[in-house]
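J.: Here are the chains, one letter per residue:
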Amino acid sequence: MGLPNNYWQLSDVNRDYRVCDSYPTELYVPKSATAHIIVGSSKFRSRRRFPALSYYYKDNHASICRSSQPLSGFSARCLEDEQMLQAIRKANPGSDFIYVVDTRPKLNAMANRAAGKGYENEDNYSNIKFQFIGIENIHVMRSSLQKMLEVCELKSPSMSDFLWGLENSGWLRHIKAIMDAGIFIAKAVSEEGASVLVHCSDGWDRTAQVCSVASLLLDPHYRTLKGFMVLIEKDWISFGHKFNHRYGNLDGDPKEISPVIDQFIECVWQLMEQFPCAFEFNERFLIHIQHHIYSCQFGNFLCNSQKERQELKIQERTYSLWAHLWKNRADYMNPLFRADHSQTRGTLRLPTTPCNFMYKFWNGMYNRFEKGLQPRQSVTDYLMAVKEETQQLEEELEALEERLEKIQKVQLNHTKVKSKQSEPSKHSGFSTSDNSTANTPQDYSGNMKSFPSRSPSQGDEDSALILTQDNLKSSDPDLSANSDQESGVEDLSCRSPSGGECAPSEDSAKDRDSDEAVFLTA
Amino acid sequence: MKPVQPRPGPQVVVAAAGPAAERSLHPRPGPGRTGSARETPGPGPAPALVFPRPVTVTAGLAAPTGAWGGARPPRPVPAPPACPEPGHSPPQPCGGVTASALPDSAVPWLRPRETMEFAELIKTPRVDNVVLHRPFYPAVEGTLCLTGHHLILSSRQDNTEELWLLHSNIDAIDKRFVGPLGTIIIKCKDFRIIQLDIPGMEECLNIASSIEALSTLDSITLMYPFFYRPMFEVVEDGWHSFLPEQEFELYSSATSEWRLSYVNKEFAVCPSYPPIVIVPKPIDDEALRKVATFRHGGRFPVLSYYHKKNGMVIMRSGQPLTGTNGRRCKEDEKLINATLRAGKRGYIIDTRSLNVAQQARAKGGGFEQEAHYPQWRRLHKSIERYPILQESLIKLVEACNDQTHNMDRWLGRLEASNWLTHIKEILTTACLAAQCIDREGASILIHGTEGTDSTLQVTSLAQIILEPRSRTIRGFEALIEREWLQAGHPFQQRCAQSAYCNSKQKWESPVFLLFLDCVWQILRQFPCSFEFNENFLIMLFEHAYASQFGTFLGNNESERCKLKLQQKTMSLWSWVNRPSELSKFTNPLFEANNLVIWPSVAPQSLQLWEGIFLRWNRSSKYLDEAYEEMVNIIEYNKELQAKVNVLRRQLAELETEDGMQESP
Chain A
1 MGLPNNYWQL
11 SDVNRDYRVC
21 DSYPTELYVP
31 KSATAHIIVG
41 SSKFRSRRRF
51 PALSYYYKDN
61 HASICRSSQP
71 LSGFSARCLE
81 DEQMLQAIRK
91 ANPGSDFIYV
101 VDTRPKLNAM
111 ANRAAGKGYE
121 NEDNYSNIKF
131 QFIGIENIHV
141 MRSSLQKMLE
151 VCELKSPSMS
161 DFLWGLENSG
171 WLRHIKAIMD
181 AGIFIAKAVS
191 EEGASVLVHC
201 SDGWDRTAQV
211 CSVASLLLDP
221 HYRTLKGFMV
231 LIEKDWISFG
241 HKFNHRYGNL
251 DGDPKEISPV
261 IDQFIECVWQ
271 LMEQFPCAFE
281 FNERFLIHIQ
291 HHIYSCQFGN
301 FLCNSQKERQ
311 ELKIQERTYS
321 LWAHLWKNRA
331 DYMNPLFRAD
341 HSQTRGTLRL
351 PTTPCNFMYK
361 FWNGMYNRFE
371 KGLQPRQSVT
381 DYLMAVKEET
391 QQLEEELEAL
401 EERLEKIQKV
411 QLNHTKVKSK
421 QSEPSKHSGF
431 STSDNSTANT
441 PQDYSGNMKS
451 FPSRSPSQGD
461 EDSALILTQD
471 NLKSSDPDLS
481 ANSDQESGVE
491 DLSCRSPSGG
501 ECAPSEDSAK
511 DRDSDEAVFL
521 TA
Chain B
1 MKPVQPRPGP
11 QVVVAAAGPA
21 AERSLHPRPG
31 PGRTGSARET
41 PGPGPAPALV
51 FPRPVTVTAG
61 LAAPTGAWGG
71 ARPPRPVPAP
81 PACPEPGHSP
91 PQPCGGVTAS
101 ALPDSAVPWL
111 RPRETMEFAE
121 LIKTPRVDNV
131 VLHRPFYPAV
141 EGTLCLTGHH
151 LILSSRQDNT
161 EELWLLHSNI
171 DAIDKRFVGP
181 LGTIIIKCKD
191 FRIIQLDIPG
201 MEECLNIASS
211 IEALSTLDSI
221 TLMYPFFYRP
231 MFEVVEDGWH
241 SFLPEQEFEL
251 YSSATSEWRL
261 SYVNKEFAVC
271 PSYPPIVIVP
281 KPIDDEALRK
291 VATFRHGGRF
301 PVLSYYHKKN
311 GMVIMRSGQP
321 LTGTNGRRCK
331 EDEKLINATL
341 RAGKRGYIID
351 TRSLNVAQQA
361 RAKGGGFEQE
371 AHYPQWRRLH
381 KSIERYPILQ
391 ESLIKLVEAC
401 NDQTHNMDRW
411 LGRLEASNWL
421 THIKEILTTA
431 CLAAQCIDRE
441 GASILIHGTE
451 GTDSTLQVTS
461 LAQIILEPRS
471 RTIRGFEALI
481 EREWLQAGHP
491 FQQRCAQSAY
501 CNSKQKWESP
511 VFLLFLDCVW
521 QILRQFPCSF
531 EFNENFLIML
541 FEHAYASQFG
551 TFLGNNESER
561 CKLKLQQKTM
571 SLWSWVNRPS
581 ELSKFTNPLF
591 EANNLVIWPS
601 VAPQSLQLWE
611 GIFLRWNRSS
621 KYLDEAYEEM
631 VNIIEYNKEL
641 QAKVNVLRRQ
651 LAELETEDGM
661 QESP
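Protein chains in written order, with the UniProt record's numbering: chain A, 1 to 522; chain B, 1 to 664.
Since the hints were derived computationally from the structure, they do not count as laboratory data. Predicted model only: the values in this text are computed from it and were never measured. It is possible that some hints are incorrect.
Simulated crosslink set (DSBU-like; lysine-lysine; CA at most 35 Å straight-line) [to be verified]:
1. B/K568 - B/K381
2. B/K123 - A/K226
3. B/K395 - A/K360
4. B/K381 - B/K363
5. B/K309 - A/K371
6. B/K290 - B/K621
7. A/K155 - A/K234
8. A/K147 - B/K395
9. B/K290 - B/K309
10. A/K327 - B/K363
11. B/K334 - B/K309
12. A/K371 - B/K123
13. A/K155 - B/K309
14. A/K387 - B/K395
15. B/K381 - B/K281
16. B/K363 - A/K129
17. A/K155 - B/K334
18. A/K90 - A/K147
19. B/K308 - B/K363
20. A/K147 - B/K504
21. A/K360 - B/K309
22. A/K187 - A/K117
23. A/K371 - B/K363
24. B/K504 - A/K387
25. A/K307 - A/K226
26. A/K409 - A/K327
27. A/K58 - B/K621
28. B/K562 - B/K123
29. B/K381 - A/K360
30. A/K371 - B/K334
31. A/K234 - B/K621
32. A/K155 - B/K564
33. A/K371 - B/K621
34. A/K360 - B/K584
35. A/K155 - A/K90
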């Protein structure tokens with residue numbers, strides 16, 4: 001992120017979790033924010049979660065900071081907190097204001113005032129723009145998921161049952177609210193160049209969702225396999241998202257359980273649907289992460305904070321999911337991803353008009369065990385297989401060229417007369433120039449390219465679906481496929497994939513051999 | 001596949017009548033004429049005189065851009081019959097992304113009489129400074145032109161988008177006025193909505209009334225296909241691509257239990273059937289005539305599909321005319337039973353609920369009584385009839401176009417449209433039919449009331465499920481030809497209006513669109529099993545509603561014969577089946593799959609077809625990029641494969657030679 005720099009510094013104010021026990025020990029804060037200001041501000045914030053840097057946008061110095069709600073009640077003020085926000089504003093010389101985004105519905109925030117909490121008063125803070133974005137609380141989300149899962153479990157529902165159920169669950173509306181918040185922040189940062197402070201109540205649920213969605217929209221790095229792991233480490237694990245409570249890892253209060261990170265993961269999927277080339281990873285990656293958040297197989301998602309994790313020595317006593325995922329990364333790659341693709345770079349821009357139809361039911365997640373409901377053929381898997389095959393072909397091509405070169409060198413030394421004589425005996429189907437020079441293959445493929453509708457692997461339906469090593473090892477089927485292609489030049493319409501066409505071409509391959517044999521005996 | 005002989009058509013008439021047109025037009029300048037002939041810089045004055053006035057305007061407009069076919073030099077008066085011109089950029093399909101030019105449409109060679117009719121309809125042929133608004137495009141200012149069949153907007157600059165819209169694609173228009181600025185909102189049959197800001201109240205009114213008149217021509221022979229001259233080389237005449245005899249040959253190799261019957265040669269037995277149908281061999285034409293009197297619309301049971309794997313068949317017909325007193329017809333019973341193998345039972349799938357079928361008796365219709373058809377079991381499914389489907393479409397498109405509602409309202413409106421419910425119902429019935437054939441090993445007869453709508457949806461979808469061939473491009477075309485066009489689906493009536501029509505006409509219905517949507521649903525679930533892609537289905541949808549080709553004109557073969565469509569218009573298949581077009585419609589993921597494919601019909605598995613219904617309401621840029629990327633990946637793989645194969649062979653040859661050399 002290009003930090004630390006002139007405006008941001010690593011602060012050790014939370015060393016040994018002295019200021020806030022649910023925050024990490026190392027945090028970035030504005031350079032101008034002294035320890036005094038930070039501690040003062042932390043006293044004015046719920047659970048002492050003072051404003052700290054979540055994401056820094058290199059291009060224009062705008063930043064996303066996160067905190068919990070201020071303890072403002074109806075009229076309380078805190079000079080240090082006001083100074084803290086000012087410091088954040090000043091850390092971005094490009095803008096003379098900051099947004100303060102409260103991700104709660106206004107009503108909820110106002111109710112909190114009665115308990116001595118609440119939200120920032122625009123009059124007390126200089127140059128802030130305050131904004132509510134109504135994302136519901138964990139209890140609403142829990143029951144929403146419950147309702148949606150009930151719909152998924154209906155036995156042979158009608159279309160109406162399903163759509164009504166989906167609508168009544170409100171799930172997609174909640175997803176949209178989170179996305180809207182993320183989009184708002186990403187726009188503020190990238191287009192207006194304004195810094196944003198995000199909070200909800202405690203700043204560990206909705207804030208985490210919104211900050212990570214915004215980061216994902218803004219920064220291509222987070223859309224890569226590694227970057228996404230970093231993002232979850234950053235906004236979720238280190239900033240004290242309460243995994244134990246939310247996902248019921250231990251027997252606890254059922255009211256604390258809520259699908260908070262599930263919603264974030266679904267937001268990522270919704271984005272992947274709209275920007276199919278922008279993410280390095282695929283749907284399976286998301287589903288596996290979601291699975292392991294609940295599985296407790298790895299240590300990453302245990303405990304409620306870094307402090308707890310440190311106390312339990314989680315790092316020493318458990319394995320990390322990330323290593324496991326990284327080891328199997330080949331399974332998680334999005335075949336459409338290309339680092340140099342226009343979608344990959346820069347900010348993901350979503351349409352300004354609210355398009356409700358953009359958000360779809362995630363069948364692959366919520367019906368993942370009902371294989372019958374999934375598409376029967378996976379484009380991703382198909383393309384992954386093709387890409388893998390391509391890679392093997394590339395390697396083989398290189399090896400073949402090398403060998404060919406060697407042999408040709410040897411042959412040239414042997415005899416030139418020989419090759420001249422053998423030419424007339426070549427099978428008519430092969431071009432005579434085939435074995436003359438090394439640049440022929442290129443020309444040939446140029447020819448091939450002009451017949452795009454040909455299927456690459458005749459004879460074996462599944463060869464591209466399930467990569468067959470045999471296909472690569474044994475040269476016979478490929479030989480036949482090749483002469484098949486040549487005959488296809490004559491008549492495009494007769495490119496049936498049946499083995500029937502392979503047979504004659506195999507014969508022709510044999511013919512050639514026998515021709516040569518005849519020639520030689522003669 | 002030799003090029004089709006140029007056909008005598010309107011072109012010849014024009015060539016001969018050219019001077020006559022000149023004479024008749026000359027002394028009668030149309031209203032609102034602004035000396036447009038003089039502005040024609042390109043082809044010179046000759047075409048300005050020969051061509052009807054509105055066309056002249058177009059030609060003049062086209063000349064500066066140089067990109068339009070309108071700037072073509074005029075033909076000498078004794079013009080040779082129009083021959084296809086190779087190398088010319090082909091016209092795009094009528095709808096859709098067709099902002100680009102239809103080169104030849106700028107110069108439709110009109111017959112003089114019709115010229116006059118159009119000229120009278122076009123009060124203001126041209127307006128400058130018109131602003132075009134479309135979603136996701138910047139507004140374009142340019143000159144608006146009306147020709148007999150097109151609405152054209154040109155910015156008169158290179159590299160800017162223009163609008164070419166067939167009048168027949170216009171479903172409805174709204175007018176609005178703010179001061180002297182008029183606004184026309186054009187709602188198209190392909191669901192697109194565009195807005196034209198036209199300065200001048202009078203111009204705006206004239207344009208609006210012209211569009212209204214030209215988009216609702218009352219005579220089919222005035223429609224564009226009768227005037228369209230293809231600028232591409234016809235390699236294969238689509239009118240002869242799918243002859244019933246050829247289709248029958250595919251079956252006759254496998255079975256001798258069926259025969260071709262010419263009983264309907266004069267369309268006398270059944271007006272909505274083609275002249276040639278496939279019937280059970282033991283049933284003679286006389287019996288067929290009798291059965292026809294017992295079936296709705298004379299639609300006696302005919303073969304729709306023969307499942308080679310086990311010899312089971314799908315037949316289709318109209319409802320039996322049992323009436324309230326339970327009339328029966330021995331020949332009908334005999335015909336149906338003739339399709340059963342010894343000891344076998346069959347299923348009759350009635351696409352109406354039992355209730356509806358019973359009610360039909362009061363109107364003389366009905367269903368097969370078990371007592372009279374003991375070897376058959378009747379199954380009732382309820383696919384809605386066409387007026388309800390139309391209502392559903394209107395609601396759905398309304399919901400898709402409404403950007404204001406929140407998430408919940410959207411799902412509620414999607415639900416309330418019932419569109420996906422219809423999709424589910426149709427697919428379920430098709431799966432049931434396929435199941436009877438493939439799993440139960442039983443033949444089936446399918447009918448609803450007329451046997452021209454839901455019946456065809458089911459028979460054709462069952463074939464998509466059962467028959468790998470129908471998942472190829474040619475096979476699918478053959479399927480549409482056989483099960484929709486030949487089978488007498490009334491395209492003219494059903495596709496006369498689309499989702500925006502206000503007038504309550506009672507024949508319109510998106511029956512064909514629902515079928516295409518169902519195919520798309522299966523395609524989505526089996527993305528590698530179809531040779532064609534989504535664009536192919538979208539293209540068919542567009543052409544069913546508005547087209548330069550004659551394929552979807554008329555309600556049945558009888559009408560098409562009377563209209564002489566084969567002689568006077570071009571077939572859609574002639575255009576589609578050229579390699580350059582086919583490449584756009586080919587699915588790069590296709591790997592022939594010879595199995596029966598069983599789609600899921602659970603609500604979770606069915607989706608709104610965004611490519612059709614949200615096509616104009618969202619940007620598809622990122623999805624298009626993804627598609628392109630996919631094509632690239634596959635093409636690169638093929639390329640490498642070819643290279644590797646060549647090298648391997650070379651190597652093999654060299655090595656054998658080597659071996660030979662060393663051995664002596």
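J.: Now tell me if each hint is right for this structure.
T.: Right, here's what the structure says about each hint:
no., hint, in the structure
1, B/K568 - B/K381, "41 Å, violated"
2, B/K123 - A/K226, "66 Å, violated"
3, B/K395 - A/K360, "20 Å, holds"
4, B/K381 - B/K363, "20 Å, holds"
5, B/K309 - A/K371, "27 Å, holds"
6, B/K290 - B/K621, "58 Å, violated"
7, A/K155 - A/K234, "41 Å, violated"
8, A/K147 - B/K395, "27 Å, holds"
9, B/K290 - B/K309, "32 Å, holds"
10, A/K327 - B/K363, "71 Å, violated"
11, B/K334 - B/K309, "25 Å, holds"
12, A/K371 - B/K123, "61 Å, violated"
13, A/K155 - B/K309, "33 Å, holds"
14, A/K387 - B/K395, "43 Å, violated"
15, B/K381 - B/K281, "30 Å, holds"
16, B/K363 - A/K129, "71 Å, violated"
17, A/K155 - B/K334, "42 Å, violated"
18, A/K90 - A/K147, "46 Å, violated"
19, B/K308 - B/K363, "38 Å, violated"
20, A/K147 - B/K504, "41 Å, violated"
21, A/K360 - B/K309, "39 Å, violated"
22, A/K187 - A/K117, "28 Å, holds"
23, A/K371 - B/K363, "46 Å, violated"
24, B/K504 - A/K387, "54 Å, violated"
25, A/K307 - A/K226, "24 Å, holds"
26, A/K409 - A/K327, "43 Å, violated"
27, A/K58 - B/K621, "27 Å, holds"
28, B/K562 - B/K123, "32 Å, holds"
29, B/K381 - A/K360, "29 Å, holds"
30, A/K371 - B/K334, "45 Å, violated"
31, A/K234 - B/K621, "32 Å, holds"
32, A/K155 - B/K564, "54 Å, violated"
33, A/K371 - B/K621, "31 Å, holds"
34, A/K360 - B/K584, "28 Å, holds"
35, A/K155 - A/K90, "58 Å, violated"
The structure is inconsistent with the numbered hints 1, 2, 6, 7, 10, 12, 14, 16, 17, 18, 19, 20, 21, 23, 24, 26, 30, 32 and 35, although it conforms to all the rest.
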